[in-house]
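J.: Using the working numbering, the first residue of the sequence shown is number 112, and each one after it goes up by one.
A portion of the hints provided could be inaccurate.
[To be verified] Computed list of lysine to aspartate or glutamate pairs in EDC-like fashion (alpha-carbon distance at most 16 Å, straight line):
id	residue 1	residue 2
1	K186	D202
2	K153	E174
3	K186	E154
4	K153	E164
5	K153	D127
[To be verified] Label-pair restraints from in silico Cβ distances:
id	residue 1	residue 2	range
6	I144	H171	23 to 29 Å
7	T132	E154	24 to 30 Å
8	R206	V141	18 to 24 Å
9	L182	Q207	30 to 36 Å
10	T132	I161	19 to 25 Å
11	F169	Y208	23 to 29 Å
12	F201	D130	27 to 33 Å
13	Y208	H134	26 to 32 Å
Think of the hints as simulated: they come from the structure by calculation, not from any bench. Each residue gets a CB set at the ideal place from its N, CA and C atoms; glycine is no exception.
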Amino acid sequence: MVTANGAYIHADSYRDPVDITLHDHATDEVVPIEWDWEEWQKELPRRSRIVAELYERFAHWWEGGAPEGELPWEKEWPRLHDAVTRMKQFDELFRQYDAQDDA
112 MVTANGAYIH ADSYRDPVDI TLHDHATDEV VPIEWDWEEW QKELPRRSRI
162 VAELYERFAH WWEGGAPEGE LPWEKEWPRL HDAVTRMKQF DELFRQYDAQ
212 DDA
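Required output: the full structure, derived from the provided sequences and hints.
T.: Now the structure itself:
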């Protein structure tokens, strides 16, 4: 569960901090999830913070000699295979939408 004060999270459409809460359906308890930007990110405009993080991840990989193999999850960034997966998801979504007209 995410509460943002604008239309899009992390798209500079809000002024206040984003509150993230987790609803445990088994206990019906809502727990706040604490998070914050890194100090270096706080120096940047809000809209650029996540993009800067992706550039930092790529730079770290490149400066490390661009090693082959898997990266740790917290060091990954979107790549071509991610784009292909997303396009397949969109294709399926649009296929289901178009099928509604046929029903």
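J.: Indicate, hint by hint, whether the structure satisfies it.
T.: The hints, checked one at a time:
Only pairs whose Cα atoms come within 16 Å are accepted, and K186 paired with D202 is rejected, the gap being roughly 28 Å. Taking the CA atoms of K153 and E174, the gap is about 24 Å. The hint is violated against a cut of 16 Å. Among the hinted pairs, K186 with E154 is inconsistent with the structure: their alpha-carbon atoms are about 21 Å apart, more than 16 Å. With a C-alpha separation of about 12 Å, the suggested pair K153 and E164 falls inside the 16 Å cut-off, and the hint holds.
Among the hinted pairs, K153 with D127 is consistent with the structure: their alpha-carbon atoms are about 14 Å apart, no more than 16 Å. A C-beta distance of roughly 26 Å is found between I144 and H171, which places it inside the suggested range of 23 to 29 Å. In this structure the hint that T132 and E154 lie 24 to 30 Å apart at CB holds, the actual value being about 28 Å. For R206 and V141, the hinted distance range of 18 to 24 Å is not satisfied, since their beta carbons lie about 36 Å from each other.
Between L182 and Q207, the C-beta spacing of about 33 Å keeps the proposed range 30 to 36 Å intact. The hinted range of 19 to 25 Å is satisfied by T132 and I161, whose Cβ atoms lie roughly 20 Å apart. Restraint check, F169 to Y208: a C-beta distance of roughly 35 Å breaks the suggested window 23 to 29 Å. In this structure, F201 and D130 meet the distance hint of 27 to 33 Å, their C-beta atoms being roughly 29 Å apart.
For Y208 paired with H134, a C-beta distance near 29 Å keeps the hint of 26 to 32 Å intact.
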